[in-house]
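Working from the sequences, and respecting the hints, build out all of it.
Order-wise, the sequence lines are chains A and B. My numbering numbers the first residue of the first sequence as 1 and each following residue consecutively. My numbering numbers the first residue of the second sequence as 278 and each following residue consecutively.
Some hints could be false.
To be verified - Listed below are several chain B residues computed to face chain A (Cβ distance under 8 Å; list not exhaustive):
hint : residue
1    : G302
2    : F305
3    : A348
4    : L350
5    : G352
6    : Y373
7    : F518
Rather than coming from a laboratory, the hints here were simulated on the basis of the structure. Note that beta-carbon positions come from the ideal geometry of N, C-alpha and C, so glycine has one too.
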Amino acid sequence: MVKHRDSTHLVHQYLRHNKKFPHVWCPGCGNGIVLGALIRAIHQHQYERDDIVLVSGIGCSSRMPVYVDFNTIHTLHGRALTFATGIKLANPKLKVIVVTGDGDSMAIGGNHFIHAARRNIDITTIILNNNIYGMTGGQSSPTTNYGDKSTTAPYTHIEHAFKISELAVTAGASFVARGTVYHADKLQKLIEAALTKDGFSVVEAVTHCHVQYGKLNKLGSNVDMMKWQKDNSITVQKAAKMKEEDVEDKITMGVLMDKPLPNFTKEMAKLKDRAKE
Amino acid sequence: MANKDKKSVLIQGNQAIVEGAIAAGCNFYAGYPITPATEIAEMMANRLPRIGGTFIQMEDEIASMGATVGAALSGAKALTATSGPGFSLKQEIIGYACITEVPCVIVNVMRGGPSTGLPTCPSQGDVMQARWGTHGDHPIIVLAVSSVEDSFDITVTAFNMSEKFRTPVILLSDEVVAHTREKFEIPDPEDVQVYNRVKPTVPPEWYIPYENTARGVPPMASFGDGYRYHVTGLVHDIHGFPTERREEVKAFTERIHRKISHFYKEIQIVKKYMTEDADVNIIAYGSVARSAIHAAKEARKQGFKVGVLQLVTLFPFPRKDVEEVLRSSKRVIVPEMNMGQIAREVKRVNKNYTRVVKLNRYDGSLINPDEILRLIREAL
Ligand SMILES: Cc1ncc(C[n+]2csc(CCOP(=O)(O)OP(=O)(O)O)c2C)c(N)n1
Ligand code: SF4
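Quick look at the structure:
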């Protein structure tokens with residue numbers, strides 16, 4: 001396995017050199033770390049680039065596809081999974097991967113997310129959870145915590161945050177895992193595992209937006225925010241042994257769900273056979 | 278002969294759309310149930326899997342539109358069908374299909390509106406929404422069907438145009454056409470002319486996905502064909518990458534309009550019934566065109582020279598044909614089941630050539646031939 005710290009050369013092999021760089025992300029943003037982990041995970045499996053379709057919605061995180069040399073599509077805010085569903089069903093041989101933000105997948109795209117999970121369609125979804133709307137300048141998202149500040153919650157946020165991974169489990173995804181950008185190599189492993197799963201697989205990548213969320217909530221630099229991830233992460237196994245209230249403010253890392261469930265893409269193939277009889 | 282008899286069926290407009298779509302090569306349908314379009318989804322659920330195609334009922338109309346465009350990008354010929362409220366929900370992604378030039382067909386079986394409106398009553402209230410429902414300057418093709426036969430033929434045309442011009446095509450039906458049963462002979466597949474999108478043949482490294490070609494329609498690779506490229510709803514350069522450079526934005530916007538405007542002759546379809554010598558011409562579309570033709574025939578029997586210009590293509594608005602009729606008639610009647618949406622277009626084109634009279638119903642019922650006939654008598 002090529003680790004995060006030695007992967008610059010590898011990552012460059014997958015970037016689009018005819019694309020007009022620089023990218024749109026702020027220096028120190030966690031999005032690039034997730035992209036690196038995704039590229040290494042894909043490389044590890046030696047997938048053909050022609051077979052991969054990287055689909056995103058709208059947001060800073062959703063800018064990811066344009067930079068990499070796969071079949072790529074930057075759709076509309078919240079709608080990545082709807083396009084991905086059509087792409088996959090019309091050509092089930094394709095390896096369809098969705099990258100999306102917490103606002104993209106949980107607010108405007110929340111309905112599509114739970115239904116994709118319920119169908120258990122064979123798509124891997126990576127959600128970059130930075131607890132805020134980065135692209136539009138720091139408004140509350142469905143994962144902004146109670147009591148936090150945002151530009152639309154100047155007197156603090158009075159709503160409660162979704163727990164993305166737990167929601168995915170409940171909605172019916174067959175594989176769900178959570179990682180952080182601080183634990184980049186571990187994140188890569190989780191994405192690697194998700195890519196091999198049959199059915200809807202979700203990896204929630206906890207990341208930082210120091211420019212909006214960090215600044216508004218006085219959380220320090222990107223380094224400080226990554227340190228926070230390090231100090232507040234516990235494994236799923238450890239969390240299982242702790243009291244619920246002690247786990248509340250922690251990031252539970254690892255695999256939350258891994259169970260083979262009927263996969264929509266395969267069910268569809270069977271349905272077609274039945275219909276033809 | 279025996280074979281032909283077997284194929285003569287009594288079907289409703291919605292079913293003819295399904296038959297037409299399948300004859301045109303449609304192999305993907307995504308939708309969400311809504312009256313009066315639901316039968317299209319139900320029949321597609323039955324038919325598509327049998328021919329190896331895919332039907333999926335999505336969680337809403339937005340999702341249906343997204344899946345439709347996604348499937349088309351994987352190479353499918355994709356259809357979605359809906360009515361007013363669902364058509365409103367689809368608008369953002371219809372714009373996405375315009376800017377990314379993805380062929381697909383959207384059926385809107387019009388019912389009374391706005392909002393939930395009159396779910397089981399006919400209307401033609403969505404004409405302007407079909408043209409301008411999504412935001413921004415964009416070209417789009419809007420066709421209207423008036424019968425079971427039309428529903429078959431024009432659905433084939435809609436698919437062919439979408440493939441040829443790489444554009445979403447909106448097919449407007451209405452509750453009357455959708456649910457009226459008529460005898461129809463389904464053509465043999467070999468008698469149906471089908472057009473498939475042009476795919477790139479150059480080596481992948483030479484492929485320019487949004488090239489400014491002479492026709493304005495660049496070849497389209499499917500995901501998985503080996504041409505890895507980028508698709509985005511942001512304005513993009515010829516390589517598909519986002520751009521804000523003025524000259525590139527301008528060139529892009531002009532090309533996607535040019536690819537339609539250079540082919541008006543082919544895209545603008547009208548049917549002329551006795552228009553040439555007519556003193557009064559009726560300009561109509563959809564189920565109202567049937568009443569208009571009926572009224573014109575009746576008027577001829579009574580000694581009045583009346584003709585009908587039926588608009589199959591509503592947009593791009595068939596200006597030339599309308600102008601011709603405006604120039605040659607003493608009076609033009611535009612009957613519509615709305616407050617006058619196409620009448621406005623007709624009046625815009627009318628440069629004092631003649632007098633344009635509207636006949637509007639917006640009470641949820643069809644315009645019958647008698648109403649038109651009365652107006653003809655008044656006119657002459
Ligand atoms: C229909 C629609 N509504 C609103 C927007 C504006 N918008 C763009 S990105 C965004 C939020 C993105 O937040 P998130 O998904 O968390 O991604 P991040 O930028 O934080 O990575 C919003 C509201 C839009 N593009 N489209
Ligand atoms: S605004 Fe936040 S999420 Fe967006 S690029 Fe900057 S740091 Fe990253």
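Original post:
Going through the earlier hints one by one, which of them does the structure break, listed in rising order?
Top reply: Result: hint 1 breaks, nothing else.
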